[in-house]
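Enquirer: Residue numbers (our numbering), protein chains in the order written: chain R, 1 to 402; chain H, 403 to 804.
Do not take every clue at face value.
Claimed, not checked - Okay, the calculated beta carbon distance ranges per label pair:
id, chain 1, residue 1, chain 2, residue 2, range
1, H, P453, R, A284, 34 to 42 Å
2, R, G402, H, P599, 37 to 45 Å
3, R, A302, H, A711, 23 to 31 Å
4, R, Q265, H, Q647, 15 to 23 Å
5, R, E124, H, R642, 47 to 55 Å
6, R, G212, H, A412, 57 to 65 Å
7, H, E640, R, E27, 33 to 41 Å
8, R, R187, H, S580, 44 to 52 Å
9, R, A237, H, R675, 51 to 59 Å
10, R, R273, H, A711, 36 to 44 Å
11, R, Q265, H, R675, 37 to 45 Å
12, R, D202, H, K768, 49 to 57 Å
No lab work stands behind these hints: they were computed from the structure.
Backbone N, C-alpha and C define an ideal beta-carbon position, used for all residues, glycine too.
2 protein chains.
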Amino acid sequence: MKQVKKFDLAHCLLRTIEGRKGAPSGELWGLKYVAKDLFDVAGVPTTAGNPDFAEWHGVPAEDAWVIKALEQAGAELVGKANLHELAYGITGINPHFGTPKNPRDPERIPGGSSSGSAVAVGAELVPFALGTDTGGSVRVPASFCGIYGFRPTHDHIPAAGVVPLAASFDTVGIFAASASLLETVGRVLLRPPVSLPTLALDRVLVESDALGLAEPAGRAVVERARSAFEEMGLCSAEVRTGLLQAAFDSQRIVQAAEVWGVHEQWVIERKPRLGQDVARLLQAAGEIKAGEVGRASAARNAIVRQIEALLAGRSILVLPAAPGPAPKFSVFDDPQATFEARGKILRLTNLASTCGLPVVVVPATKDDELPVGIALTGPKGSDLQLLEVAKKLDERLRTARG
Amino acid sequence: MKQVKKFDLAHCLLRTIEGRKGAPSGELWGLKYVAKDLFDVAGVPTTAGNPDFAEWHGVPAEDAWVIKALEQAGAELVGKANLHELAYGITGINPHFGTPKNPRDPERIPGGSSSGSAVAVGAELVPFALGTDTGGSVRVPASFCGIYGFRPTHDHIPAAGVVPLAASFDTVGIFAASASLLETVGRVLLRPPVSLPTLALDRVLVESDALGLAEPAGRAVVERARSAFEEMGLCSAEVRTGLLQAAFDSQRIVQAAEVWGVHEQWVIERKPRLGQDVARLLQAAGEIKAGEVGRASAARNAIVRQIEALLAGRSILVLPAAPGPAPKFSVFDDPQATFEARGKILRLTNLASTCGLPVVVVPATKDDELPVGIALTGPKGSDLQLLEVAKKLDERLRTARG
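Please construct the entire structure, taking both the sequences and the accompanying hints into account.
Expert: Take a look at the structure:
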């Protein structure tokens with residue numbers, strides 16, 4: 001058994017919610033969950049992790065689509081979780097509301113932007129939680145907190161009533177304490193716009209450049225996953241997409257333009273308090289030129305095509321979900337080190353975001369190690385299959401760990 | 403029989419090509435074709451319809467992918483066809499190289515941007531031709547010239563070696579003198595990045611807002627197509643997507659950013675001669691702000707999702723390919739009238755472009771009428787099925803015309 005020490009949950013939730021028990025007939029009856037504070041809950045202000053956001057944006061009159069769907073399925077919403085301000089960051093450090101501590105080591109960052117949601121599950125406060133993943137915001141905190149995480153195919157879980165960050169990348173994601181629960185909640189929420197026949201996922205491709213970007217712990221989880229896949233009868237091969245840097249470069253620009261499209265008006269008119277990192281990113285976003293966005297958009301297009309061809313509707317691309325264990329808070333005292341750590345993380349996650357592909361993160365370290373997850377990326381629309389494969393992989397990995 | 407009068411082919415081709423007979427074993431052996439002068443041919447400068455483009459960009463060392471593929475399939479390239487400057491316009495009017503005349507009425511525009519390719523087929527110079535379609539550049543000239551046109555699913559015919567306009571919208575398209583040849587050439591060139599199982603196309607949806615944007619001749623072709631589809635046993639329904647204007651607005655901005663991304667450097671450094679309309683569009687593109695592109699990109703994303711859900715992998719959306727017959731050249735003497743005519747045309751074509759969907763245009767007017775085509779838009783990847791449905795529709799329409 002992994003050890004979650006008696007745990008300080010300070011800064012994990014921004015508020016508790018009461019009186020939101022779900023329908024007793026639902027398949028999630030009896031399960032409590034928290035939602036990142038980007039999800040609208042009727043009558044409750046949504047902060048988006050910023051102290052001035054709610055005042056400007058007003059109190060939502062309606063629940064987000066997923067909040068309603070989970071209520072119908074029987075789950076009970078018990079809190080709104082902390083996050084990286086505006087969901088625009090990967091560390092989870094929030095200068096306004098405080099930062100939730102990593103449940104496996106309180107000296108380390110939880111990862112973000114869905115920090116509080118991941119910590120609530122990692123600290124065994126709730127069995128599952130809602131987050132969002134634009135550039136890695138479910139996958140990275142899942143990896144750092146040693147829990148299961150799911151980023152669906154873009155637009156396959158409805159995002160109505162969720163504060164956007166960058167709509168062409170944004171997804172509603174799920175954290176869970178087990179691979180089985182992750183699949184169950186995924187089944188409840190997945191609503192692909194159209195259900196088309198799919199191929200069977202029968203091949204595993206290990207992204208070899210990702211191994212170069214990873215620390216020893218990140219490489220080790222890939223090796224473990226590869227062995228487990230082979231035991232499962234799925235043959236694996238190494239591929240070098242050559243696209244990790246290109247996806248990072250392209251997403252940085254296209255995403256920034258979309259973020260600025262969302263926040264331009266209120267940031268200019270309201271002049272909200274902003275953390276240093278987010279203020280800097282927003283300012284840079286506002287200065288991007290049309291031609292630059294155009295070139296990044298064109299580059300994205302080429303990346304999507306190449307990855308679609310590579311996966312061919314049947315392959316799982318395997319990468320470490322993060323370079324290694326969660327860095328210590330002290331790494332982020334220095335702006336240059338922060339910038340580098342951020343880039344190192346996002347180079348592993350932005351490829352799937354750029355292509356809108358589903359990813360499941362499975363913890364793959366031993367119980368006495370700091371957690372690192374393995375990220376399984378599938379073709380568009382392969383979500384349910386991918387969640388099943390992840391469950392089987394998890395069984396193998398846990399058997400191997402003994 | 404429709405009448406193509408003895409025809410002035412001035413300005414149709416920018417140059418003839420010799421010595422490019424195809425492989426005798428290929429299925430297109432014996433067929434001649436022309437390519438829009440955006441397609442690279444080894445050793446021949448590509449003008450992109452601009453008098454200074456080739457000098458700056460150098461002579462291509464290699465054929466475009468489609469030129470090679472057609473050669474292997476036996477077809478003979480005999481010329482490079484005129485186009486709207488940089489492919490950035492829908493009229494086909496080219497102030498530098500002259501404008502090809504519409505083969506059905508020399509007082510009318512050919513439509514663009516693939517003007518010369520459409521005219522070469524419409525005037526019976528060649529049985530098929532290559533064009534490109536970013537926002538309607540195959541569909542509109544096909545409709546105006548009374549021929550068959552195909553815009554494939556985005557990225558399902560490789561665009562390597564083709565001068566880009568806006569990569570996330572650009573497609574390599576085909577014109578042909580018959581529905582059957584259109585399908586044959588389509589089969590030769592279609593290379594989806596991945597072949598997934600598809601549903602059968604079994605429903606027809608008529609976009610009712612499009613009828614409101616059309617002239618009587620445009621509405622009449624939709625009525626004819628609807629009757630023919632019902633005779634074919636495909637039931638039809640009217641739908642109002644409510645997205646024609648939204649797609650036009652979003653594409654205008656995202657496309658402009660991508661166009662500026664392509665042309666910014668050489669336009670600033672080389673200061674080429676530019677027609678008034680293209681100069682104005684490029685200037686406006688350079689002035690677009692990041693937030694604006696971000697919002698347009700997010701809007702596009704929502705449109706794609708809605709149309710994907712509407713078509714559900716099995717429906718054909720039916721619109722007139724153009725509001726009515728080709729306007730007379732005289733309409734475009736006045737900038738305001740030009741602007742309005744352009745918008746009216748693009749509101750019918752930009753929805754499929756925005757969503758990257760395949761479209762086949764079938765001539766649907768009587769032989770003594772000025773031509774207007776019917777545009778059949780299918781779900782992503784339904785290209786071959788759509789080409790077959792178009793062939794059957796065409797048989798019905800021709801039988802009905804007697």
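Enquirer: Please go over all the hints and tell whether each is borne out by the structure.
Expert: Tested hints:
Between P453 (chain H) and A284 (chain R) the beta carbon distance is about 39 Å. The supplied range of 34 to 42 Å therefore holds. In this structure, G402 (chain R) and P599 (chain H) meet the distance hint of 37 to 45 Å, their C-beta atoms being roughly 41 Å apart. At roughly 27 Å, the beta-carbon separation of A302 (chain R) and A711 (chain H) lies within the given 23 to 31 Å, and the hint holds. Evaluation of the 15 to 23 Å hint for Q265 (chain R) and Q647 (chain H) yields a pass: the beta carbon distance comes to about 22 Å.
Here the CB-CB span from E124 (chain R) to R642 (chain H) is close to 51 Å, well matched to the stated 47 to 55 Å. Checked against the hint of 57 to 65 Å, the C-beta distance between G212 (chain R) and A412 (chain H) comes to roughly 59 Å, which is consistent with it. At about 39 Å, the beta-carbon gap between E640 (chain H) and E27 (chain R) stays in the expected band of 33 to 41 Å. Distance hint check: the CB atoms of R187 (chain R) and S580 (chain H) are about 49 Å apart, consistent with the given range 44 to 52 Å.
Judged by the Cβ atoms, the range 51 to 59 Å given for A237 (chain R) and R675 (chain H) holds: they are separated by roughly 52 Å. Distance hint for R273 (chain R) and A711 (chain H): a CB-CB separation of about 39 Å, consistent with the stated range 36 to 44 Å. At roughly 40 Å, the beta carbons of Q265 (chain R) and R675 (chain H) sit within the given window of 37 to 45 Å. The supplied range of 49 to 57 Å is met by D202 (chain R) and K768 (chain H), whose beta-carbon atoms lie about 53 Å from each other.
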